[in-house]
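Asks: Listed here are the chains, written in short residue letters.
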Amino acid sequence: MTRRRHDPGGGVARVAAAGARARQLSGWVRRWYGANPLHLLALLAAFALAGYAVRAVVAAGQWRGFAAWFIVAIVAHDLLLFPLYSLADLPLRRLLPRHLTRQVTRAPPRPGPGDPARAAAGPQPAVAAPAAQQTGWQHLSAPAGPAGPVTEPVAGPPLLNYVRIPLAFSLLLLLVFSPLILGLSQPRYHRASGLSTGPYLWRWLAVTGVMFAISAVSYAWRLRRLAARHQAHRR
Amino acid sequence: MSGLKWAGQRTAQPDREARRAARQQRAAQRRRAFAASAAAERARAAALARRAAGAARHPADHPPPGPFRPGAWRSPLRGLWLTSVLAAVLLAGLAILTVTGLLSYAAYDPLLPGNDQTPGAGLVKFYLFSWPTHPSWLYRVDQGVHITLGLALVPVVAAKLWSVLPRLFAWPPVRSLAQALERLSLIMLVGGVLFEFATGILDIQNYYVFPFSFYTAHLYGAWVFIAGFVIHVTLKFPRMVRGLRSRHLLRELRTPLAGTQPEDPDPAGLRAARPAAPTISRRGLLAAVGGASLTVAGLVVGQSIGGLSRRTALFGPRGLSATAPHYLPVNRTAASIGLTAADVGPAYRLTLAGTRNVTLTREQLLALPQHAVELPIACVEGWSVSCRWTGVRLADLARLAGMPHPAAARVESIQQVGSFRAAVLSAGQVADPQALLALTVNGHVLPWDHGYPARTIIPNAPGVHNTKWVSKITFLKQVTGMAVA
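Going down the list, the sequences are from chains A and B. So in our numbering, spot 117 of the first sequence is number 117, and the numbers just go up one at a time. Counting the second sequence from 1 gives a position; our numbering is that position plus 1000.
Read the hints as simulated data drawn from the structure, not as lab findings. All figures in this text were calculated on a predicted structure; none of them were measured in a lab. We treat Cβ as the ideally placed atom computed from N, Cα and C, and that holds for glycine. One thing to keep in mind: the hints can contain errors.
Computed footprint of chain B on chain A, listed as stretches where at least three residues anywhere in the stretch have a Cβ under 8 Å from a Cβ of chain B [said to hold, decoys possible]: (1) 25-38; (2) 50-56; (3) 62-73; (4) 76-87; (5) 159-171; (6) 177-183; (7) 194-203.
Pair ranges (Cβ atoms, derived) [stated by the list, open to error]: (8) A:L38 <-> B:A1088: 17 to 25 Å; (9) B:R1032 <-> A:P83: 55 to 63 Å; (10) B:G1307 <-> A:L171: 26 to 34 Å; (11) B:R1074 <-> A:A216: 26 to 34 Å; (12) B:A1258 <-> A:V163: 14 to 22 Å; (13) A:L205 <-> B:K1125: 42 to 50 Å; (14) A:R191 <-> B:L1250: 51 to 59 Å; (15) A:W221 <-> B:G1307: 26 to 34 Å; (16) A:G65 <-> B:T1340: 31 to 39 Å; (17) A:R55 <-> B:A1277: 50 to 58 Å; (18) B:K1125 <-> A:A68: 23 to 31 Å; (19) A:A88 <-> B:A1287: 19 to 27 Å.
Let the hints inform the model, and build the full structure from the sequences given.
Replies: As structure tokens, then:
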């Protein structure tokens, strides 16, 4: 707004003077209002449009409920739903174990890295480990034998997201479809469709179960991959 | 102190003992006075410093505890880039949602008297046009997109609100009139989007807990939202572009949890002042939001697409029921309107009113030329099914009533109370050769729940404009001056 005209003279002097006056006015609005005057005009236009829409709601005699639901929607999200899901996240972070571990058995350390036999063998595939030693999930590390193959725990990826993401998906479905899942709309739903809301609870439980199962399988797969990589690298 | 020392160095004459004692006393007094004055001076200085500090730290700069403290927001993922990515998705998504919604309103032909569910629309009707009958799938696609996309955007809206929520507690709450007005406009935006989502989601599940008409509220709520949306995009678009350019999307999508760093501080203050260690990567959060969108949408979209996908519509309000052979979802059962055998039995008569009045029994209707059409029936609630209908052309019935080219037709149901017991059809809808008074669906006599003995089926019309249990069709020479039902 403080840009100057490069050539204020000649036939455009009057225009320049008007421009200067406009800039002066604009500067005054800026100081008084706190932004470009166009900002004010645009906002006023938006309020006018919204006001025009609300006018029809007032005419329909429904503005009280309308306004209440507008405000309740904001309050319910910002001051109820948001704090609730933020709080729900805390115990998950505190109580869940950081990760699950898997026992990996590998052969006793070979001589040195310069050993030609080792270089020739290359990394061994994970299946080379004796199946009997692969004990699956364990929180406790089993003591490794002094001689022969060494068994040690390999940590999986952080567990948190494998629990809270399916949980969040499940709660989202519950939130969105609660009238059907909890049967809240049963009377009207039945009158409209001739059907019952009964099956929706079971479908929700089934979908929740499937989501947790997918999460568990993908965790197990990643842990297995990490363990295999560990085995291959340390050999 | 120095005075005392000087006195002690003087002579030790006994006659001067008293004067010395007095001098010591005075010195002690001076010392005490000095100490007192020094303390006072210190106190004064401290008070001045406090006052100076108070002047610098205006109450406005001293936020109340809790979420108003900048340090209270710890997530390391919040920042201008993340908010901008979510904003870009919403900019496209909410724009499509708005356009499909406004088209859906046009599909009701609210300019025809009696069709408008939203009294007093006034200038809001500025864009309306006579709703076409072709392509016959337009309403089906429009409404399917509106419902499915709306559900898919729920997680995105939630994530976007999460990303900017610290701004709700910005302190001081108001810095200028401009900022105050802008914050006020956010009521239209945030209130509008939550209001529209809430009313829409409750409506498709027939859960009418709101103290207003769905059509009125959803339409005018939409216009309040549009006002808030347009102004928000106008004011924030440059910042969104800056935010999108502040990080590389592809690099972000390659960054795992271990490499996830907080964004750079931004003037909007979205980045946490004291970011905690991340528990999820930025790509992980985006994947979770996108995955939630696909999950919610994927569990309903089958109700609109039909075919085999209908079996996946676990949360479609009519989804799985429609997988039964020849089953067509019902919206309003015969039982709910109290239909009896007396209404639809041998005593049933269809009245046609035009330049002459004609009364027809069901048998007489069957004796008229029958036509077959393959047309979808698409509900405002999102589900749609394509069916094969047979019946009498509305154009033939208009000719029977002595008015081959009516300006409009009012179709009334046996149903006595409740919404959509009548619909006004445009000239184009009556004239369309595919517009039927249907007597069968998918090779079966119309079931009671689907409007036995006769219902209209109009190409590309919203489901509720295909009136069931038709008792009377009034063909009109002109539209103006028609009684509003």
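Asks: Of the hints given before, which are not true for this structure?
Replies: Violated: none.
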